[in-house]
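Q: Chain residues, written in single-letter form:
There are 2 protein chains.
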Amino acid sequence: MSLIVQKFGGSSVANAERVFNVAKIVTDTYKKGNRVVVVVSAQGDTTDDLIEKANEINPNASKREKDMLLAAGEQISIALLAMAIEKLGYPVVSLLGWQAGFQTTSAYTSARIKRVRTDRIEKELDKKNIVIVAGFQGLNRYEDITTLGRGGSDTSAVAIAASMHADLCQIFTDVEGVYTADPRKVPTAKKLKTVSYDEMLELATLGAQVLNNRSVEMAKKYNIELEVLSSFTNTPGTIVKEAIKMEKMFISGVAKDTAVARISVVGVPDEPGLAFKMFSRLSAKNINVDIILQSIGRDGTKDISFTVAENNAKEAAKIMEEYIKAVGGKQVLLDEKVAKISVVGAGMESHAGVASKMFEALYDAHINIRMISTSEIKISVLIDEEDADAAVSAIHRKFFDMDN
Amino acid sequence: MSLIVQKFGGSSVANAERVFNVAKIVTDTYKKGNRVVVVVSAQGDTTDDLIEKANEINPNASKREKDMLLAAGEQISIALLAMAIEKLGYPVVSLLGWQAGFQTTSAYTSARIKRVRTDRIEKELDKKNIVIVAGFQGLNRYEDITTLGRGGSDTSAVAIAASMHADLCQIFTDVEGVYTADPRKVPTAKKLKTVSYDEMLELATLGAQVLNNRSVEMAKKYNIELEVLSSFTNTPGTIVKEAIKMEKMFISGVAKDTAVARISVVGVPDEPGLAFKMFSRLSAKNINVDIILQSIGRDGTKDISFTVAENNAKEAAKIMEEYIKAVGGKQVLLDEKVAKISVVGAGMESHAGVASKMFEALYDAHINIRMISTSEIKISVLIDEEDADAAVSAIHRKFFDMDN
Chain A
1 MSLIVQKFGG
11 SSVANAERVF
21 NVAKIVTDTY
31 KKGNRVVVVV
41 SAQGDTTDDL
51 IEKANEINPN
61 ASKREKDMLL
71 AAGEQISIAL
81 LAMAIEKLGY
91 PVVSLLGWQA
101 GFQTTSAYTS
111 ARIKRVRTDR
121 IEKELDKKNI
131 VIVAGFQGLN
141 RYEDITTLGR
151 GGSDTSAVAI
161 AASMHADLCQ
171 IFTDVEGVYT
181 ADPRKVPTAK
191 KLKTVSYDEM
201 LELATLGAQV
211 LNNRSVEMAK
221 KYNIELEVLS
231 SFTNTPGTIV
241 KEAIKMEKMF
251 ISGVAKDTAV
261 ARISVVGVPD
271 EPGLAFKMFS
281 RLSAKNINVD
291 IILQSIGRDG
301 TKDISFTVAE
311 NNAKEAAKIM
321 EEYIKAVGGK
331 QVLLDEKVAK
341 ISVVGAGMES
351 HAGVASKMFE
361 ALYDAHINIR
371 MISTSEIKIS
381 VLIDEEDADA
391 AVSAIHRKFF
401 DMDN
Chain B
1 MSLIVQKFGG
11 SSVANAERVF
21 NVAKIVTDTY
31 KKGNRVVVVV
41 SAQGDTTDDL
51 IEKANEINPN
61 ASKREKDMLL
71 AAGEQISIAL
81 LAMAIEKLGY
91 PVVSLLGWQA
101 GFQTTSAYTS
111 ARIKRVRTDR
121 IEKELDKKNI
131 VIVAGFQGLN
141 RYEDITTLGR
151 GGSDTSAVAI
161 AASMHADLCQ
171 IFTDVEGVYT
181 ADPRKVPTAK
191 KLKTVSYDEM
201 LELATLGAQV
211 LNNRSVEMAK
221 KYNIELEVLS
231 SFTNTPGTIV
241 KEAIKMEKMF
251 ISGVAKDTAV
261 ARISVVGVPD
271 EPGLAFKMFS
281 RLSAKNINVD
291 IILQSIGRDG
301 TKDISFTVAE
311 NNAKEAAKIM
321 EEYIKAVGGK
331 QVLLDEKVAK
341 ISVVGAGMES
351 HAGVASKMFE
361 ALYDAHINIR
371 MISTSEIKIS
381 VLIDEEDADA
391 AVSAIHRKFF
401 DMDN
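Line by line, the protein sequences give chains A and B.
Using our numbering, the letters of the first sequence correspond one by one to residues 1 to 404.
Using our numbering, the letters of the second sequence correspond one by one to residues 1 to 404.
Next up, chain A with everything else stripped away, as it sits in the complex (with noise of 0.2 angstroms):
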């Protein structure tokens, strides 16, 4: 007897019709004789329809009761999904982030999951119950609803089969596995059948957005099996584990972010630990910094750009302004017309030619080069939005095109 946790998406239960199918998939895992505990999301559109009536009262409403409404999202769809299990005649039973055990810090709009207490769920597979819980949500140590921020609820489903030991965590989505490109945009891109989670983990940072980072990073951690797979079709999916037997495509895919805005500071003196105390100012916002690129001195002056994602972006560009009020600087320039594209591949550390290979694409392409990050595993380089579709496309055929 196995235990698999499974997640769905706010798409895949986005009404009636879909919740069914869903319910199907479950009670089908069920029926084969596992323990099954299943993840959910908020309705497609009530997440949306929530935030809407918030920014009509007051759209400078404190985080706190933020997620005090949004967390209303999941309680209906866990309800629902719940029902139609039952109406297809099997056990079940609804739980919420915090009676599912969901302890998180207290960080609204955006906690981390500190522990899951799975006593409750726990109790509740014992009683041969399919176990539903809402995710993306927890109790904070003042007893007070947190959310995960975005893509939280695939954490959530990390997080319980990581605590639970659970022998396989199924992430359903809209797609049908992780490609080597958006297949929306690239009609080539391939459905990879494995993927480690270091690539994963960059596909996902890089905005590919089939798996929330913070889940791979999770599922790394404890070394749990994920599968990438589509609610809505019936084929197997990509498997993200262990890099222990890569494939022979030396790079995993092409990955486009324009959730990323840039920042300029312009002329801050040049002093000793200049970008720690900048950017420590950023951290204690739990504002993450991407791509960094300093200046070389100029009159005792440097020029700092960094990326960060753009729904931090005006608030970091704030904290930029009172930082060179304190310090002295010339000015902070806000750009949020830009992308991120990124080549990710475990193989790539050996092929010194990938970053050529890469530049070569986006200069055939005509495309402008902004700033550049490298890791072991992955190139990014920063460029103008409008031509973020070209870029992905033209890398993409550089790689993976047969008469490439």
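Hints are all accurate, no fakes.
As the list makes no split between identical chains, a pair holds if one copy fits it or if it spans any two.
The list that follows gives simulated cross-link-like pairs (lysine to aspartate or glutamate, EDC-like), each with its CA atoms no further than 16 angstroms apart:
1. 53 / 17
2. 123 / 143
3. 241 / 198
4. 114 / 217
No lab work stands behind these hints: they were computed from the structure.
Using the hints, position chain B against chain A.
A: Then chain B, alone, in the frame of chain A:
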């Protein structure tokens, strides 16, 4: 510094404009130096939308999952109201039923409050917060969400007022107070300045629907002064309190309840304990029986008719079918097209003429009486539903119009 509990129903928070209207009332009360606890129902349409979603998937879903679903409604409304109050610049915090300490019985969809542990509310009030509490919901001993059934938010408000020894509990609705009859149907209906708990209790039970009966029972038990008033007009409402000084009028109102059904159990063997055995089956399922009529025995059998709330009717009829299968009996008849009309008044017991005056009014209006029930402060009759409005008008005219 007074402690004031204010309760707002679903229509009072139906849209953004109304939410701000409520926020204004609440903050005006807070500004005067009061400690304010606000109990809110789900927004007007939310509950209906959720029920529709549930019915589309499984009309026979378990009550546990129904409660899980419906409780999302107040979660949305408390967050939105808190956001509106934040926008007005006041400190506020919203609490779900379980966070506010509502411990209930386990009976899903119709749970009763066992106690309110108000530590969290008090802590938030000490921090000078306006406290918004989700009405209608609580937590049972399995740590599962329960709801209190129709009108449960009134009970939530009174329970907080009782537990915290509040100075006043204001119930805001879409009417301006308690009237001698439904003012939309009977133009000559008068608003009462005060009404006793017992009278209000009868009016509530009888479908005047201004206040939930359990809330009035609780207010009576703990001697909490209630004020029923409109959230839309700024006029004093009706005070509900102990009957120290009665109004001169010896009946206080005429009430109509169409959400009632009559069940007749025909030809059951006339044995000792018949009624007990029959009705214990209903009470085991938490179904309340109201008017009971037992025929004189004939051929060793009896017919028993009784009324129940319409939403319990089908379940009650089914239980009676099982009953006659077990003990013998001819048939079970269910009639949902009935209405209960009642006159209520604490002065009634000393006026033998009330019943005959009521029956005369119905006779004059050619309305058949099917069942009769009397208590110290009310007389109820069961009639055909189609005659209900005419009956209320006829009776109100007889008792309240100047020329009678």
